[in-house]
Every structure is written in structure tokens, then in C-alpha cells.
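All chains should be modelled from the sequences, with the hints used to inform the complete structure.
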Amino acid sequence: MKKQAEKLAEYREHPTVPLIMKRIKNLGVPHHVYEFISAQLTAISTKKGPQGRRWTSTSKKVALSIYYHSRKAYRLLRKLFVLPHRTTLQSILRKSKICPRFHEQVLQTIKYRVQSMAESEKDCVLCFDEMSIKSGRSYDAEHDCLEGVEDFCHLGRSKTLASHALVFMVRGISVTWKQAVGYFLSSGSAPSKNLSLLLKDCIARLSQIGLRVRAVGCDQGPTNQKLMRELNVGPNHPYFEFEGSKVHVLFDPPHLIKNVRNNLQKHDFVNGQEVYSWSDISKFYDFDKEQPVRMAPKLTDKHLTLPAFSSMKVKLATQVLSHSVAAGISSLSTAGYLPKKSQNTAKFIEDMDRLFDIFNSKSIKLKKLHIWQVPVVQSFKLTTYRKC
Amino acid sequence: MAGSSGAKLQADHLQKMLNIFQNMQTNEGRSLPCFNGWQISIKSLQNLWDDLSAHPSHTHILTNRLNQDCLENFFGSFRASGVTRDNPNAQQFPAAYRMICANQVFTHATGQNCETDHDKVLLAFTDSSISDTPLYPRESIFCQAASSPPTEMADGILATLMRVLVRG
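Keeping their order, the protein sequence lines are chains A and B.
Using the working numbering, the first residue of the first sequence is number 78, and each one after it goes up by one.
Using the working numbering, the first residue of the second sequence is number 2, and each one after it goes up by one.
These are calculated hints, taken from the structure and not from any lab test.
Wrong hints could be hidden among the right ones.
What the hints assert, rightly or not - Using 30 Å as the maximum straight-line C-alpha spacing, the simulated DSSO-like pairs for lysine-lysine come out as follows: (1) Lys303/A to Lys17/B; (2) Lys424/A to Lys9/B; (3) Lys17/B to Lys343/A; (4) Lys323/A to Lys9/B; (5) Lys390/A to Lys17/B; (6) Lys17/B to Lys424/A; (7) Lys270/A to Lys17/B; (8) Lys418/A to Lys17/B; (9) Lys439/A to Lys17/B; (10) Lys360/A to Lys17/B; (11) Lys439/A to Lys9/B; (12) Lys375/A to Lys17/B.
To be verified - Ranges between beta-carbon positions, derived for each pair: (13) Ser215/A to His56/B: 42 to 50 Å; (14) Pro416/A to Asn20/B: 22 to 30 Å; (15) Ser215/A to Gln23/B: 48 to 56 Å; (16) Asn90/B to Gly233/A: 15 to 23 Å.
We treat Cβ as the ideally placed atom computed from N, Cα and C, and that holds for glycine.
This is how it looks when you write it as C-alpha cells:
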């Protein structure tokens, strides 16, 4: 009798984990909190080392969601609490393989978000672009398939090695959201035939979940140009129709301005009587770089000579086709240092600068902005207007 | 000048540039693809605005949202993931894709060629291919053995995560 009473007292003082958990469960705590406490207590009481821990699926789910919010925070939390190791989580993720296609599960999930959006927020732009990747073949033993080859999902795979990843991304026009919806692997640029099918497929999938694709954005690569020809898009018909609604085509303005600069460097542009020429810019630079106080201080040799890879820098193009260069050429021409016809080049540069500004408006706060940088609007009150 | 002057200036300027690009040629008498490109872009912007402004809640377009900087930034975070890695290979790409989408690490290295966009990612945890469709079409080469059927647990994890994150 005495022994039993002692046992009971000890039991009250040092209850076992299952007993504590039973009591906690009776308190009606949420499932994941229960699992968390249970895991902590088990880890403390057990004699097994970290290797011996076993996790329930709920614990793993909770851990994974923390891990995905912030890996750094997860590392910190692992120091404070008993949580599954990174590799444990990764082994779960390994079961969920991501492969080249439109990710239907993503679309189905963002569908819920879309349902709660206001009508105007559903208008979006679909962008696609390619990124070069290292080509190499590898074998995925777990899924028994070969990785690193050209893969257009339902449009077929081939044996050639992939060198580019084509990514599709949707972006809201009036609200700041974006979402990558799928990717494909191609060797070289994706052929326009496939691009066209994928593009239409993507628009169809997006409209199915309630988004309205108003415009398509891409760069002016040769295959994209071919694609646009096939879609019958041209200067007189700058859109294609999809299921009765117009989808406008917008080329990426930074790419376009680089192309204008590159071509201006190679050829003179002739517009009626006016000639726009690169030589005016280089003459201006030769004059300006000697001055103690520069008119276009940002201009360097690099802008004019364009060493390898720098022709890709947007900055170098926008700084050449800028207001300060235009103003400089214009004043030198008036002062007689440059020929009179340089005025035409100056005007063209100024026009390009304004055009780029129009295509690059990012804020509706008017005060700080130049007149050309304000958003495209129907009517707005302009408080600080200065004539250009 | 007051009122809608800015909008008018812009509209006039777009029209002016459209005319310039229509008439402009190189000194060899050729038109160039970038002239065509600008014409298409300018007309599209005009048409897009006509379309959107039919809806009263569209008071303006921020044209910065129509370019590809979002993708360039996306690619930038691919290149930035890893220590010395410039471009991922086909194996690393999906892993990085999932991680970047999930982590919202659209971090921007300095000195990039495009502007930072402050867009939020709609979905934090991106897809895995745990779905009813097989990994690859069965008839395709190398892939006769389709993936093992999705486990219930992994499926549940994704469903939970997505619910958590979509609500957020």
C-alpha cells in the first residue's frame, strides 16, 4: 500500500510525456501546437540522440512552412527548439519534383487569390524571356528520367541538350503582383512554332482562372520577331486576338532603346530632310571631355566605344540618348562648334529621351517627376509644370 | 498650362515619335526591326490605354510595369543563388526556381542592368509536380517508367502550405 502511494506521488511529480500530452489535448489546443509540444517533450525525455527523432507529418508541415518563410529564421529556431533538420525537409521536397511545364497547381492556387481581387486588378501582362543555362545531361534516378535535355512538356522532348530556360511570368498592370507560371527548356532559342502554342496555352490557362491578359511583353529576339509575324502582328496591326479579346504586344523598351543606339552607331538615320548621325555625338563628346565643367558629365569613353558586353547595358544607351547630350549638342551647334545640321540629331536625341521616359513611368507622385515621367493618364492635375 | 496638359503632351509626343519611326530609314534606305518594334510598342500603349480606360477604376498606367524588368530580376536571383555560380544548369534550375518562388528572395544584386521591382509574389510556395498527371508523357523517350505515385503525406504538405500562404 505504502509503495503504491509513493509511486503515485512520484507519478504526480514526474508525470510521463503521454500523460502530459493527454492533459494538453484536453485543453483543446490546435493540432499543430499539440504536435509541436509533443515533439519538444519527447525530444527532451527520450534517451535517443538527434538521429533517433521521428517526426509526424504535421510537425514536418509546420517546419516546412517556417523554413519557406525564412531559412535564417529557421536556423535560429532550430537552436531554440527541437525542429527537423534541413535535410529532413529536403527529403520531403525531393518527392515533389518540379519540371518544365505550366504549373497547374500554382495556377489552381492563385485562382483563390484572383477570386478576391477587384476587377481592375485582374488585368495583367504576360512576359516571357529566356535565360541561358549551363548545358549538361544528368540522370534523375528517383524519377528515372534524363534531365538537361530540351523539354517542352506536351510539345515533346528531344535528345539535344538544353541551353536556355524559357520562363513565363504574369504581372499585374495596376497592382504590384507578379507570379512565374511555368518554364521550359530549349536548346538555343525556342522555335517560334512552340512559342506560339505555349503563349496561347498560357493565356488560355490564365483566363481560365479569371485573369485577363491584356498585353504580352517580350524582347525583340529573332524568334520573337518570327512569332509576331506568325501571329500577324505588325505596325499596322499591333495586337492579336485571343478568344475574342485583343492582346496587345509590347516590346521591352530597354531592349528597343539599346537597338536604336546600336543602329545609330552603325548607320545614319534619314527622316525626310533631316539626318541623325552618331558622328555628332562623338564630336560633342570629344569637345566636352576636354572641358573643366562638363555638359554631359556622365558620358565616358565606354559610352562611345562600347567594349565587349557593354552594349547590353541599358544605362549606357539611356545616358547617350539623354537630355544633357541633346542640350549639349544643341548649344555647341548654336555656338558654331558643331555644324548647324547637328540640331537635328539633338532634337532626335531629346525625343528619344522623352519617349523612353513615357515608357518608364513608375510613380504617380508628380512633384518629383519630370513632365515626361508621369504615368499615362487621361487627365490629371499638373501642379508643377515646366515647359521643356 | 493646366489640367490635362501633361497627358496631351504625352499623347502628342507618342504620335510624333510614331510618325518619325514610320518615315525614318537608314542612310542605306532600309527600315530596321527596332523602328518596327517602337511602332508596335507605341501603338500598343495607345490601344492598351484606350482599352483600359473604358474601365473607370483604371486612372493611369504605370508604363514601368509593362517592361521585362520583373523577369530580369527573377533571372538575377537565379544567378545570385549559390556562391560562385553564374548560370545554373538544368538540374539546379528547377531547385532554384522552387526556392526563389517560395522564399520570395527576389533580392537584387547591385549593378544590375534593370531596375528593382517591388512586386509581391502572388504565391509563395510554388508547385511541385505532385499532381494527377505523370511527370512526362509516357510515350516520350527515356521516361517509360513514370514517376512513383504521389504520396499522400507530401500531397497534404503542399495543400497545407498553399492554404497557409495563399491566405497570407
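These are the hints, each one checked on the structure:
no. : hint                            : result
1   : Lys303/A to Lys17/B             : holds (27 Å)
2   : Lys424/A to Lys9/B              : holds (20 Å)
3   : Lys17/B to Lys343/A             : holds (24 Å)
4   : Lys323/A to Lys9/B              : holds (25 Å)
5   : Lys390/A to Lys17/B             : holds (27 Å)
6   : Lys17/B to Lys424/A             : holds (12 Å)
7   : Lys270/A to Lys17/B             : violated (35 Å)
8   : Lys418/A to Lys17/B             : holds (20 Å)
9   : Lys439/A to Lys17/B             : holds (23 Å)
10  : Lys360/A to Lys17/B             : holds (27 Å)
11  : Lys439/A to Lys9/B              : holds (19 Å)
12  : Lys375/A to Lys17/B             : holds (28 Å)
13  : Ser215/A to His56/B: 42 to 50 Å : holds (49 Å)
14  : Pro416/A to Asn20/B: 22 to 30 Å : holds (25 Å)
15  : Ser215/A to Gln23/B: 48 to 56 Å : holds (51 Å)
16  : Asn90/B to Gly233/A: 15 to 23 Å : holds (21 Å)
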